[in-house]
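In this text, residue positions in the sequence shown follow UniProt numbering: the first is 1, and each later residue adds one.
No lab work stands behind these hints: they were computed from the structure.
No false leads were slipped in.
Straight line, CA to CA, 30 Å or less: simulated DSS-like cross-link-like pairs of lysine-lysine:
no.: 1; residue 1: Lys101; residue 2: Lys87
no.: 2; residue 1: Lys201; residue 2: Lys150
no.: 3; residue 1: Lys210; residue 2: Lys150
Predicted model, so just to flag it, every value in this text is computed and none were measured.
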Amino acid sequence: MSRVLVVDDDPALVRALSINLRARGYEVLAASTGAGALALAASHPPHAVVLDLGLPDLDGTEVIAGLRGWTGVPILVLSAREDSAEKVAALDAGADDYVVKPFGMDELLARLRAAIRRGSPEPARPVVTTADFTVDLGAGRVTRDGEDVKLTPTEWHLLEVLVRNPGRVVDHARLLTEVWGPAYRDQTNYLRVYMATLRRKLEPDAAAPKHLLTEAGRGYRFEP
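My request is simple: use the sequences and hints to build the entire structure.
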């Protein structure tokens, strides 16, 4: 059964899409915010995403960029924005298709089927191994020296975002939005506190980290 993540803040539209998708054998997940969509995609990787650009917390292109940091899942944009520049921005960000509202349900479903056929048959749930610890993204588990490392939900979510973007700088705003929500975009002190805790639990020398690195003034980077 293919899993579809529907992201829209219009309850009536989400309900209509969910009914039609489930009637055709899809499993449906739904989110009404960009931050919620990113968190749900990380915890339950979908086979396709149907995404509205006009979300209450993040612009849809930010959600696309967040997803593209770690997955090639097909993304279909639904939007009332008809301007060609908006379409180009969404497609350049990584969307696979763009459907303008209002739309025909049969056409949308046909586009979704085509996108899933082109996409990966199964979302990646990798195990990432470093010289000092192992992160099982599918199981939500971290081990060090053969023993489980106990992380709080917030510590795990922060680590997960970084591990899904190996070698890339993840900026402060994105980390704060994905882990704590858009209201915390400027609370960089949260990151300093939690990164220090993660380093104490995972790095051989927390004062000289090898895997959880700081990019001054920008964000943080995970190096396997």
